[in-house]
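Peer 1: Protein chains in written order, with my numbering: chain A, 6 to 334; chain B, 754 to 1088; chain C, 2 to 507.
For the record, the hints were derived by calculation from the structure and aren't laboratory data. Misleading hints may appear alongside valid ones.
[Said to hold, decoys possible] Below, simulated EDC-like cross-link-like pairs (lysine to aspartate or glutamate); rule was C-alpha separation at most 20 Å, straight line:
id : chain 1 : residue 1 : chain 2 : residue 2
1  : A       : 130       : C       : 313
2  : C       : 425       : C       : 269
3  : C       : 368       : A       : 220
4  : C       : 348       : A       : 212
5  : C       : 232       : C       : 207
Source: prediction; values computed, not measured.
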Amino acid sequence: MKTGWRFSFMSLSRYLALVILFAVASLMAPGFLSLQNVLNLLRSFSFLGFISIGMTFVILSAGIDLSVASILAFSGVVLGLFQHWGIYLGHVDQLSLIYPTPFIFLTVLAIGVLLGLVNGLVITKLKIVDFAATLGMMVFARGLAFAISGGRTIFNLDPMALFMGRGMVGNIPFVAILWVAAIVICSVLLRYTVFGKNLYACGENPEAARLSGIDPVFYKIAVYSISGFFAALAGICMAGRLNLGEPRVAQGWELDAIAAVVIGGTSFAGGRGGVVQTILGVVIIGLIRNILSLLGIQPDPQEMIMGGVLLLAVILGSLGTRKGSLAHA
Amino acid sequence: MKLKASQVLADYGLYFVLLALVAISAILSPLFFSYINLANLLTQASFTGLLALGMTFVILMGGIDLSVGSMVGFASILYATVLHGALFTFMPEQIFIYQGAPKLTPILPLPLDILFVLAVGSLFGLLSGFLSHRFRVHSFIITLCIMIFTRGLAVSYTHGQPLFGMPDPVSYLAYGLPARIPMPTIIWLGSSLLCLLFLRYTRFGRGIYAVGGGEEAARLSGIQPAWYRIFPYIASGFFAALVGIMMSGRMGCGDPKIGQGWELDAIAAVVIGGTSLTGGKGSVGGTAVGVLIMGLIINIMNLLEIEAYPQAMAKGIIIIAALALHSLLARRRKG
Amino acid sequence: MNEAGVALLEARGITKIYPGVVALDGVDFEVNAGEVHCLAGENGAGKSTLIEILGGSYAKDAGTIRLAGREVEFASPRHAQEQGIAVLHQELPILPHLSVAENIFLGRQPRGGARAISYGEMNRQARRWLEMIQADVEPRALLGDLPISRQQLVSIAKALSLEARVIIFDEPSAVLTSSELKRLFQIIASLKSEGRGIVYISHRLEEIFEIGDRVTVLRNGKLVGTESIGKIDRATLIKMLVGREIDESEAATAGDTATREAPAPVLEVRGLSRRGVLADINLTLHKGEILGVYGLVGAGRTELARALIGADRVDAGEILLEGRKLNIASPRDAIRNGLCLAPEDRKTQGVFLEKSVQDNISLPSLKSLKGGLFLNYGKIARYAADFVSKLRIATPHLQQHVKYLSGGNQQKVVLAKWLGMKLKVFIFDEPTRGIDVGAKEEIRGLIKTLAREGKSIIMISSEIPEILGISDRVAVMHEGRIEAVLPRREATRERLMAYSMGAKSE
Chain A
6 MKTGWRFSFM SLSRYLALVI LFAVASLMAP GFLSLQNVLN LLRSFSFLGF ISIGMTFVIL
66 SAGIDLSVAS ILAFSGVVLG LFQHWGIYLG HVDQLSLIYP TPFIFLTVLA IGVLLGLVNG
126 LVITKLKIVD FAATLGMMVF ARGLAFAISG GRTIFNLDPM ALFMGRGMVG NIPFVAILWV
186 AAIVICSVLL RYTVFGKNLY ACGENPEAAR LSGIDPVFYK IAVYSISGFF AALAGICMAG
246 RLNLGEPRVA QGWELDAIAA VVIGGTSFAG GRGGVVQTIL GVVIIGLIRN ILSLLGIQPD
306 PQEMIMGGVL LLAVILGSLG TRKGSLAHA
Chain B
754 MKLKASQVLA DYGLYFVLLA LVAISAILSP LFFSYINLAN LLTQASFTGL LALGMTFVIL
814 MGGIDLSVGS MVGFASILYA TVLHGALFTF MPEQIFIYQG APKLTPILPL PLDILFVLAV
874 GSLFGLLSGF LSHRFRVHSF IITLCIMIFT RGLAVSYTHG QPLFGMPDPV SYLAYGLPAR
934 IPMPTIIWLG SSLLCLLFLR YTRFGRGIYA VGGGEEAARL SGIQPAWYRI FPYIASGFFA
994 ALVGIMMSGR MGCGDPKIGQ GWELDAIAAV VIGGTSLTGG KGSVGGTAVG VLIMGLIINI
1054 MNLLEIEAYP QAMAKGIIII AALALHSLLA RRRKG
Chain C
2 MNEAGVALLE ARGITKIYPG VVALDGVDFE VNAGEVHCLA GENGAGKSTL IEILGGSYAK
62 DAGTIRLAGR EVEFASPRHA QEQGIAVLHQ ELPILPHLSV AENIFLGRQP RGGARAISYG
122 EMNRQARRWL EMIQADVEPR ALLGDLPISR QQLVSIAKAL SLEARVIIFD EPSAVLTSSE
182 LKRLFQIIAS LKSEGRGIVY ISHRLEEIFE IGDRVTVLRN GKLVGTESIG KIDRATLIKM
242 LVGREIDESE AATAGDTATR EAPAPVLEVR GLSRRGVLAD INLTLHKGEI LGVYGLVGAG
302 RTELARALIG ADRVDAGEIL LEGRKLNIAS PRDAIRNGLC LAPEDRKTQG VFLEKSVQDN
362 ISLPSLKSLK GGLFLNYGKI ARYAADFVSK LRIATPHLQQ HVKYLSGGNQ QKVVLAKWLG
422 MKLKVFIFDE PTRGIDVGAK EEIRGLIKTL AREGKSIIMI SSEIPEILGI SDRVAVMHEG
482 RIEAVLPRRE ATRERLMAYS MGAKSE
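Make the full structure from the sequences, and use the hints.
Peer 2: Below, the structure written as structure tokens:
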């Protein structure tokens, strides 16, 4: 449902930034705008894209999820471990007879949902503020990943997992299709279901929502569970892409996700924004990283620049709202 | 006066925990009470303690400073650079490769170098506090950005390599043993005492409690919140820079990677010590006990040969548990 | 009057205008040394605004304030305090984690050697002020641990420590037991004898007559009159409070009430209690009836509404709907059973300001506006448009954000969202507050129509003419209890006023 075009400075500048970034990139690398390259880019954006979908849900509910990257890494490790167990049992085939790979995927996804659920419960039942609770989970999940993997990388995954990460459907990377599908489903969920409408209501004003018969506790737990789901999904795909389960993967990605959501226009204050808008943020962040790589800038200076980008995004984002972002301190 | 169980727990629980941890440590390692072990333990704890001191100010104001760990590494590098008159070089390997390398900034006497780094740390704190206050954005996201930025800056500048060549006086800061007490511990306890006095006996210090605990009431009493909101972050940056300098002395080099995850230890110590995340409630004394508790827990985890990341995991659980426990005790107390 | 014949605090022609509302219109008010001057008026009469201006929290738009003859302008509450005026607010802003003494001396703690705060001195001085009012409070105790009555004593001690010559009490008795109130009066008497000027805001007639030397009545932002207590009686005071304007709606609907009463009880409330807030509430609501609930601020009306709707928990009591006992743990349960609430705080609890008219109206009914699995926006738009036209909601289009609507139209949106849901009981909490006169009439008309259609209504209101004009019966609340339930023909302004101020029904 369109709320009508609002040509505010913020809206315009987002699209402008996108155009400028594409222009810069294509100047730097002649084949940049080729179909092949764009599809490749889509694949690399997809991983960030998945966790950004989850982060959008969370930020819509006026929360924050610092644990997405850790859950991503943890999921990859768990996936790898399932393969290992198969090998230990003698034949990989034997495991897939009693526990087919799709079920492994579902288990990993379920674990992601469970971790997200824990986040939601800690926040609502233990009454611990969002960032502190997910900070704890961030550290916990990453630590758990290291613990169960012994700090080692787990190589050689199941072909189905490889397909998730590397497979192509025709010329188009499978993850990109998955990402777009996820966006469509979530967009429909947010705009065309009662769940979605209620979620927006809880995000904007939990007390008014409560008096209208909505249960804000349920929706809080739901968004964190969704975030956990997408983190796990990203973890599976990432592991497939790299063909390994690695606890050190995706460090700092939660910030890219936050930046993507904020740049996309979803407000920290809750109740405004959406997953389609987040696409813009993901592409912008992805392009910035891409350009920085093309410029030969090392990972660490890249981090520095991304830190600055996020800071700018957050500050500009807070200028729009009257009460600013989150309870300030 | 009747003693309620929850009351006793709230007031003295920390000490019970501390004693229990000492007991566990002693059981796990018969050498626990040896001088070397205690000195080591205290030294480690002192670094966390200084970070926790700044963090106490910030959390009292209802905020959080996630950038302290990165600031330690950044200060460490900055210090090494300034020490060798190489502040504006972008090829730090030149500083140390040959003695005759041109100095772009004058070599200053030691105290001025130290002051410079402390000032830079404080300025970053000022930036964090100002941005958070002015744009009404929660400090966790602001300091998160600063954290990535300074870490990235430090590592980029040195290409990830440590910078060597620390003069002796700085090592003294880290290794000195005046009266057989480790220097870091003296600095930590001394700073804690000063901060305790500041928070307790100055109007500004009480103002911090007031603005953190109830801004409206503070305003009605004529207090203008702005500087009270910003100051804690300056303190936090200051202490982080101090730890960075001391770590340089300890390692004999400036290391951009030092301090990773230390913000978590600091937060855990402050939270265990009873300072509330919502602000207005807590104390330096409580944090000090929290620092010792964290130090003992980390020591026990090392003795049990638990690896780095699972340790981090445990810290996450500890923070959540401490928060939940204090929140429960506070609600019980209200009756 | 002091010897010089000049009032301690003199305010003349005080005017304060907010967009769309004149809060104070040329009000005169003065306090003499050694006097207790009571300030009375209905909710919204302007009492709070006046004392906020006198206390330096708000700026006045017109008028002069003189302290002992000298004209002053207050730039801030601190400034007013320094000049000797202390306001003790109804909702004390306190620092619960700091000690009593610290709260008293916040920002001006006494300093000793090396300019360090001297806690000994601070506690000593605090103890002195506390003893002066015979408050049994330990200066080192944490303020948040004390009961509200003690906290109040601390704020009085604070006012004394500020050397306040004028102390303004804003409804202090709302949180006190009768013995605590007695002590408060003793304290006020001794303050009086010291030559201070006391302003005492209260709704309670007996208090005004017991402690006041003079009383000033405000109504609708205007000064009605100032009288000496000795020269006035209860009836006259009530007349001053309630006014003499003629209300057409009252006359017009007097005849309707007979036809609207139906015998079948729809809602029965038995023994509803919540510690400190509601005490043994019993009421019955009939089908098609409008039960007005009158009472002053702090009487517990909103708390009752929230308890009925499941927004707040209760300690005891039961609610029966059409004879069946209800288990209401949340507003969701209440709505499912057919009760709904239009909250008092419309802007922050009744509507979603950043959402469209369409979204607001359709939100609770979304389940029924689906086409298969998904929401059917065509249906939603038609649903919303239907109510927009039925209730004549003035909005340029359905997508307009509710924050741009006028108060009256926002209230209509609140109403609209419940109307399509086949609910049985509607609870309105101050539905016409802050709305212009024309819209008020419209809302009242809509409520009456609802009743005619067989819905049962509980309507909370502070405006006596409104209550009298719309209700079949009127319940009057006072300090968490229902003092009386009167059928319309027995409800007069004077009786409502009296019960709301604590008169007991025989």
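Peer 1: Against each hint, give a clear statement of whether it holds in the structure.
Peer 2: Hints versus structure:
no. : hint          : verdict
1   : A/130 x C/313 : holds (18 Å)
2   : C/425 x C/269 : holds (13 Å)
3   : C/368 x A/220 : holds (15 Å)
4   : C/348 x A/212 : holds (11 Å)
5   : C/232 x C/207 : holds (15 Å)
In this structure, none of the earlier numbered hints is contradicted; all agree with it.
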